[in-house]
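Protein sequences appear in the order of chains Z and V. Sequential numbering from 1 applies to the first sequence in this note's numbering. Sequential numbering from 1 applies to the second sequence in this note's numbering.
One should not assume that every hint holds.
Derived EDC-like pairs (lysine to aspartate or glutamate); straight-line CA-CA distance at most 16 angstroms [what the hints assert, rightly or not]:
id: 1; chain 1: Z; residue 1: Lys386; chain 2: V; residue 2: Asp30
id: 2; chain 1: Z; residue 1: Lys342; chain 2: V; residue 2: Asp30
id: 3; chain 1: V; residue 1: Lys260; chain 2: Z; residue 2: Asp24
id: 4; chain 1: Z; residue 1: Lys208; chain 2: Z; residue 2: Asp24
id: 5; chain 1: Z; residue 1: Lys342; chain 2: V; residue 2: Glu270
id: 6; chain 1: V; residue 1: Lys260; chain 2: Z; residue 2: Asp363
No wet-lab data here; the hints were simulated from the structure.
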Amino acid sequence: MNIELRGISKRFGSVQANRNISLDIRASEVLGLLGENGAGKSTLMNVLSGLYQPDSGDILIDGTPVRFDGPGDSIAAGIGMVHQHFMLVPVFSVVENVILGVEPTGSADFLDLAAARDQVQAINARYGMDVPSDVLIEDLPVGIQQRVEILKVLFRSADVLILDEPTAVLTPQEVEAFFGIVRALRDAGKAIVFITHKLHEIIEIADKVSVLRQGEIVGGGVPSEFSEADLAEMMVGRPVSFSVGRGTATPGEDVLDLRDVTLVDASLEVRLHQIAMSVRAGEIVGIAGVQGNGQTELVEAITGLAPVASGQVMFAGTDITASSVRQRHCMGIAHIPEDRQKSGMVSAFTVAENMVLNSYYDDSVARGVQIDWHRAEEQAAAACLKFDVRTPSVFLDAGGLSGGNQQKMVVARELERGVRLVVASQPTRGVDVGSIEFIHKQLVACRDAGNAVLIISSELDEILDLSDRIYVMYEGQITAEFDNSSSQADRGAIGLAMAGANRTAAA
Amino acid sequence: MTRSSDTHGSPRNDGNQHNGSSHDGGNAVDSLRALLAPTIDTRGNLREIILIPLAAVFMALLIGALIMMATSVEPHIILRSFVAMADGSVGSLNAISETLTASIPLVLAGLGIGLAFRAGLFNIGAEGQMVVGGLMAAVVSFSVTGLPMALHLPLVLVSGLLVGGLYAAIAGFLRAATGAHEVISTIMLNLISIRLLDYLLRQPFIQKEGRSDPISKAVLETAELPRLLSFIDPNLRLHFGLFLMLGAVILIYWLLYRSKLGFAFRISGENPDAARYAGIRAGLTIVIAMAIAGGLAGLAGAAQVTGVLGRATPGFTAGIGFDAIAVALLGRSHPVGILLAGVLFGALEAGGRQMQVDAGVSIDMISIIQALIIIFVAAPLLVKRIMPFLFADRPKEDADHG
Ligand SMILES: Nc1ncnc2c1ncn2[C@@H]1O[C@H](COP(=O)(O)OP(=O)(O)OP(=O)(O)O)[C@@H](O)[C@H]1O
Ligand SMILES: [Mg+2]
Chain Z
1 MNIELRGISK RFGSVQANRN ISLDIRASEV LGLLGENGAG KSTLMNVLSG LYQPDSGDIL
61 IDGTPVRFDG PGDSIAAGIG MVHQHFMLVP VFSVVENVIL GVEPTGSADF LDLAAARDQV
121 QAINARYGMD VPSDVLIEDL PVGIQQRVEI LKVLFRSADV LILDEPTAVL TPQEVEAFFG
181 IVRALRDAGK AIVFITHKLH EIIEIADKVS VLRQGEIVGG GVPSEFSEAD LAEMMVGRPV
241 SFSVGRGTAT PGEDVLDLRD VTLVDASLEV RLHQIAMSVR AGEIVGIAGV QGNGQTELVE
301 AITGLAPVAS GQVMFAGTDI TASSVRQRHC MGIAHIPEDR QKSGMVSAFT VAENMVLNSY
361 YDDSVARGVQ IDWHRAEEQA AAACLKFDVR TPSVFLDAGG LSGGNQQKMV VARELERGVR
421 LVVASQPTRG VDVGSIEFIH KQLVACRDAG NAVLIISSEL DEILDLSDRI YVMYEGQITA
481 EFDNSSSQAD RGAIGLAMAG ANRTAAA
Chain V
1 MTRSSDTHGS PRNDGNQHNG SSHDGGNAVD SLRALLAPTI DTRGNLREII LIPLAAVFMA
61 LLIGALIMMA TSVEPHIILR SFVAMADGSV GSLNAISETL TASIPLVLAG LGIGLAFRAG
121 LFNIGAEGQM VVGGLMAAVV SFSVTGLPMA LHLPLVLVSG LLVGGLYAAI AGFLRAATGA
181 HEVISTIMLN LISIRLLDYL LRQPFIQKEG RSDPISKAVL ETAELPRLLS FIDPNLRLHF
241 GLFLMLGAVI LIYWLLYRSK LGFAFRISGE NPDAARYAGI RAGLTIVIAM AIAGGLAGLA
301 GAAQVTGVLG RATPGFTAGI GFDAIAVALL GRSHPVGILL AGVLFGALEA GGRQMQVDAG
361 VSIDMISIIQ ALIIIFVAAP LLVKRIMPFL FADRPKEDAD HG
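Extracted from the complex, chain Z is given alone in its bound form (with noise of 0.2 angstroms):
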């Protein structure tokens, strides 16, 4: 099935999101769509998708227009969007979540939940998906979640897949798996269009590619006849930087000191064991690891979120192990959350609201009891300006703003907070190319200023660029730690550990 869009404009407000789009999808082809932060790419899709109506433009399928009025005329004419948010009930299995709205029916009007599985189970086998059919949502991996909304939309007998962001939440060993699934799909004939913000997975999957600018398409073509630079130039305007120059680091005292932390969860589980670690000033220091690794639980240690089961968090001297969230915010810890939407931000907030999130009741905006709005106002503007977070206002809702503009809003909050510890959790997730540079420059003028930086990533490549010392996390321990200062840490050696081998080592 072959899809044209032709000189599709969609308008929020004072936004043009998108300016007279032409596009076309075709069967068996992988079409890769790039673009920043707010290009329109999501809208775009949406459109395709149902969910948005165009402001004028036509969608052509196999050379007939079509009119959408909803997602439900797409999924019909077999268009499946996979969003980059999961829509998925977390508990229900994976055979009910795939049926779910399309319950096949035996006689009488009973749900058939056998043929159902069946089904799943032939979707499965035909694409190598390997996703079991009848375990919880929540009890699997996000890469197995992703699988399971492409198995959704199969279901609803797709030919064209959109995938918004898939690898932004996968690691890089899912992302080959997921690649797979790909490549199987484009081989039976579906048409897949699959935005990232990673221009080595354009070059890798795609087969051809459309890079968007300010709404409008401003090139494309083949990927492999492109370099990762020139596509990175295509889409912001201007020569991107893929790695920050770093100066050499002069560490001070220890801000951060983590002395044999042990953390056990709900169901009393060990989740981090005896951690023993420090982040100095000025001083950026990564944590690699696999994905699940103890990563989360070790912010949440450090940020007051969870609480140690034994051992001392002491922050410039000071033990700080009994201290609530708001207390470590206070004296100078700030976080950069790992799920943007879910904890970060909210959604049905303004930009401005979010921008005080966490220091509303903090001198630098509130008079007494009152929140001093104005300029609450006014700070947020200069931080949405000083990290170029796109949006008209500060008084729009920043459920409104993309993807990438939400994490630069949330970098921005914590970033122009003036702390001494900076905790960042994927703080690039979801941000265009030309944002990442920022960001990573950023960072390391919080530790030029003297303040120490923790960055935990799924991204070896962000690690080893930005980190003055790396520390390897399997199975809630700390297994390697590298130095990264004058020479960059051996890669396979760090790679090496994060797969597990220094385990016996360590322990």
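Assemble chain V with the ligands onto chain Z, guided by the hints.
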């Protein structure tokens, strides 16, 4: 983008064409100014907030008429009943006084429910909080003697407020400490309060001397909320509670949209996870929000006892605490919305009484109309489907975004 998150600064049209992608161009001061310029985008929302309740009221009245027809009420009686309703609610000074008098407890309790709702809590217990608050006010109003009004009346009102607040805080505490859902616990507390009222009204220090039925002693004159219009006609019942109501609207507005505490409430209500990350203590927030909600309901009870009834009797709250849930819902948990919704319900109440007198139509008709209004407000899509012309040029842009 379904809700307008209320902000400071009024929506104004500024013709700002800054397209959100040109921070790099132009000078920084201009860009700053553009970011801070009030936006036009909230206008559509505003219209919807006003139009939907209006359309809902209209449709509810229409269906009310149909129901009367179905129960074979003569058309001219239906017509007369609507005339009576208008007459009884806004048709005379007395009608307006009755409307406002009825709206006072509705708005006070509704503000509490709305505030709790903004903090993510369903306070179904306003009725019970009114009962205990009103009873406490009654007790203080006749057992404390010898005080001048300037001291006695505030004492009475504050004791009603405090007891209502404490009573609701029990549900808040249970939620915070044990996870017991406040819907269940406030319903239980309602039942307890009703029995407690029946029991206490028979106790010697409360029961009116020489009576065997459950009825309290009368409120002392120094504890009565003064009537506002008695200089025109002593029968006009509108009392000083009107100012309590207006003051509460302003105070709750300030609390929600200007104060630190209110911001913490709203974060907790919209995204509890983000609240936790922002260092807001969930348990404490729940208890405080419930206590304020209960305090307002308690004050509503106290105002009813000292302003209208003059004593406590079984069932003196008359379901106002439940109607207030509807008021909060209709007012979209916004203080100003609650004020308007409360006055509307007060008007229906006052008009309904007149309707019964003049046209002989049962006052239950009013309950049906109130219920219909709620159904239509709760289902805005239904309203838009039935009256698409009102909302015609509004593009639909609701979808989660990422
Ligand atoms: N529902 C909405 N309401 C208001 N504005 C919106 C809405 N959806 C998108 N926009 C605006 O439209 C523009 C394009 O947004 P879009 O989400 O399409 O960007 P994107 O290319 O997907 O960016 P990202 O890479 O950050 O996800 C942005 O300026 C955004 O603020
Ligand atoms: Mg997007």
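Tested hints:
1. Z/Lys386 <-> V/Asp30: holds, 14 angstroms
2. Z/Lys342 <-> V/Asp30: Cα-Cα ~33 angstroms, so violated.
3. V/Lys260 <-> Z/Asp24: violated, 51 angstroms
4. Z/Lys208 <-> Z/Asp24: holds, 10 angstroms
5. Z/Lys342 <-> V/Glu270: holds, 11 angstroms
6. V/Lys260 <-> Z/Asp363: holds, 11 angstroms
Against the hints set out earlier in the document, violations occur for numbers 2, 3.
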